[in-house]
Amino acid sequence: MNYDRPELLDRLAGGYVLGTLRGGARRRFERLIAQRPAARAAVAAWEQRMAPLAQSVPPVAPPARVWAAIDARTAARAADRPGAARSAVGRRGWPAWLGPALGVAFGAVLTVGVVRLEPGLLMSLERLAQREQALPQSYVGLLTDAQNQPTLLVSSTRHGTRVTVKFLRPVAVPAGQVIQVWALPKDGAPIPLGVAPPATPPGSTQFALAATSDALLSNVPRLAVSFEPAPVTAAPATAPVFVLSGFCVKLW
Amino acid sequence: MHDSQRLQADLARVALGDRAAFQRVYQATSAHLFGVAMRMLNRRDLAEDVLQESFVNVWHHAGGYQAAAGQPMTWLISIVRNKCLDLLRAIGRRPTESLDARDDDDDAPARDIADERPSPLQMLGQASEALHIRACMDALDASHRQCLALAYYHGMSHAEVAAHLRAPLGSVKTWVRRGLDKLKACLDRAGALT
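As they're listed, the protein sequences go chains A and B. Using our numbering, you'd call the opening residue of the first sequence number 430 and step up by one each time. Using our numbering, you'd call the opening residue of the second sequence number 76 and step up by one each time.
With the rest of the complex left out, here is chain A (with noise of 0.2 Å):
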């Protein structure tokens, strides 16, 4: 489709505003936002004219217990930025323990699966190595949303450069944001790893990474995803809010 036509991207933004673009159409409108200030500007443009019509809808007095939640997730992550990997998963009433909980449950279940795994490892070694090249994916993450599902599968080769994503639960990006990856290193701030171009599951995207994944994630126990507005290249001065987090173990 060529985006350059004006009159298809006002279109395209007429329906996206309305809501009327849907499915993969709407998430190839959203990275374009995010790309060209000319779909942004289409976009506001619609908004403005579409906005006035949401002032006829009654207002409704939301229940307290809103704001509380609110108040919560949005205070916990200003006094205590390294929690904010978890502060995510206090959605819809859960107790806060649970997500801990499942964390740890979730850790065990994955070491089991590795330490299953190792004999089998340590034996070949060797011979593995030998064939590391062709060997499938070396760090292995896998991060899940605020209600524990599975939702993507990051993956590298341990000399690579390149990061595989493999989206297993449709991720839903924000208009004019982009699926910013992090490093969680075990101690010290988030590491901004590369922006993940969006797809529909079961389809897989890929970025590069700014050195080796041995190099950048050998001491990083989990990985994170935020949405931002644009790629984040740097440490960040305000911590990232996660929406997605998970284990990121080596393989070999």
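Calculated directly from the structure, the hints in this document are not laboratory data. There may be inaccurate statements among the hints.
[Stated by the list, open to error] To be clear about the criterion: a stretch of chain B counts as covered by chain A if any three or more of its residues have a C-beta under 8 Å from a C-beta of chain A, and this derived list gives those stretches:
1) 88-101
2) 107-119
3) 130-137
4) 154-165
5) 218-228
[Claimed, not checked] As a list, the in silico EDC-like pairs of lysine to aspartate or glutamate whose alpha-carbon atoms are at most 16 Å apart:
6) B:Lys257 with A:Asp439
7) B:Lys259 with B:Asp213
8) B:Lys257 with B:Asp213
9) B:Lys257 with A:Glu436
10) B:Lys259 with B:Asp216
11) B:Lys257 with B:Asp216
12) B:Lys248 with B:Asp216
13) A:Lys679 with A:Asp643
14) B:Lys259 with A:Glu436
15) A:Lys595 with A:Asp574
16) B:Lys259 with A:Asp439
C-beta: ideal position from N, C-alpha, C; glycine also.
Got chain A sorted already, so can you dock chain B onto it with the hints?
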């Protein structure tokens, strides 16, 4: 309506991490935004989720508002509507509501909205009157107007609008497109944007 300038000033303070300003923004806008979400999702629990997500988003991205042109309320409504549309897409739920009459009460358990709620067409009418864009709305064919109202207020897809109006999908797509084209041409001509 809200004091737009005050809201703008408060959003600027939110971008600096001012929690009191954040709470003022919530108090000034949450009922309106919750109404929009309730209308689109037709379920109180989902609307609460969307409102929560939207304001957490506002807290972290209030700085992004400055870059975006337009009224602060327009920005907030867009955040809420986009989250509603994302949710509708993710859960694949089909909101149902009669356009003019309330003849669809058989799905009552899903309902949380008070019975006095105005229909989408009534709201569109009120909105047009309030905005003096009645001429533009009146200029639309009835079918165009219905399609726009259902899509805008209920987040219905083309297919859902078609099912609701018992009209062919192709016709609905054409009506939506022509409705948008005509609305845009009329509004831009009338200078109603500013």
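For each hint, the structure was consulted:
For the region 88-101 of chain B, the assignment as covered by chain A holds, since 5 residues bring a beta-carbon within under 8 Å of that chain's beta-carbons and 3 suffice. Look at the region 107-119 of chain B against chain A: 6 of its residues bring a Cβ nearer than 8 Å to a Cβ of that chain, three or more, so the hint holds. Here the region 130-137 of chain B counts 6 residues with a CB under 8 Å from a CB of chain A, which clears the bar of 3, and the coverage holds. Coverage of a stretch by a chain is defined here by at least three residues with a beta carbon nearer than 8 Å to that chain's beta carbons; for the region 154-165 of chain B and chain A the count is 9, and the condition holds.
Counting residues of the region 218-228 of chain B whose beta carbon lies closer than 8 Å to any beta carbon of chain A gives 4, which meets the minimum of three for the stated coverage. For the hint pairing B:Lys257 with A:Asp439, the CA-to-CA distance comes to about 13 Å; that is within 16 Å, so the pair holds. At roughly 13 Å between alpha-carbon atoms, B:Lys259 and B:Asp213 fall within 16 Å of each other, so this suggested pair holds. For the hint linking B:Lys257 to B:Asp213, the alpha-carbon distance of about 11 Å falls within 16 Å, and the restraint holds.
This hinted pair checks out: B:Lys257 and A:Glu436 have alpha carbons roughly 13 Å apart, not beyond 16 Å. Of the pairs offered as hints, the one joining B:Lys259 and B:Asp216 holds, with about 14 Å between alpha carbons and a cut-off of 16 Å not exceeded. Straight-line distance between C-alpha atoms of B:Lys257 and B:Asp216 comes to about 10 Å, which keeps the hinted pair within the 16 Å bound. Between B:Lys248 and B:Asp216 the alpha-carbon distance is near 14 Å, which keeps this suggested pair within the 16 Å criterion.
Note on A:Lys679 and A:Asp643: the hinted pairing holds, with a Cα-Cα distance of about 9 Å set against a maximum of 16 Å. A distance of roughly 12 Å separates the Cα atoms of B:Lys259 and A:Glu436; the hinted pair therefore holds under the 16 Å criterion. The straight-line distance between the Cα atoms of A:Lys595 and A:Asp574 is roughly 14 Å, inside the 16 Å bound, and the hint therefore holds. With a C-alpha separation of about 10 Å, the suggested pairing of B:Lys259 with A:Asp439 holds against the 16 Å cut-off.
Hint compliance for this structure: no hint is broken.
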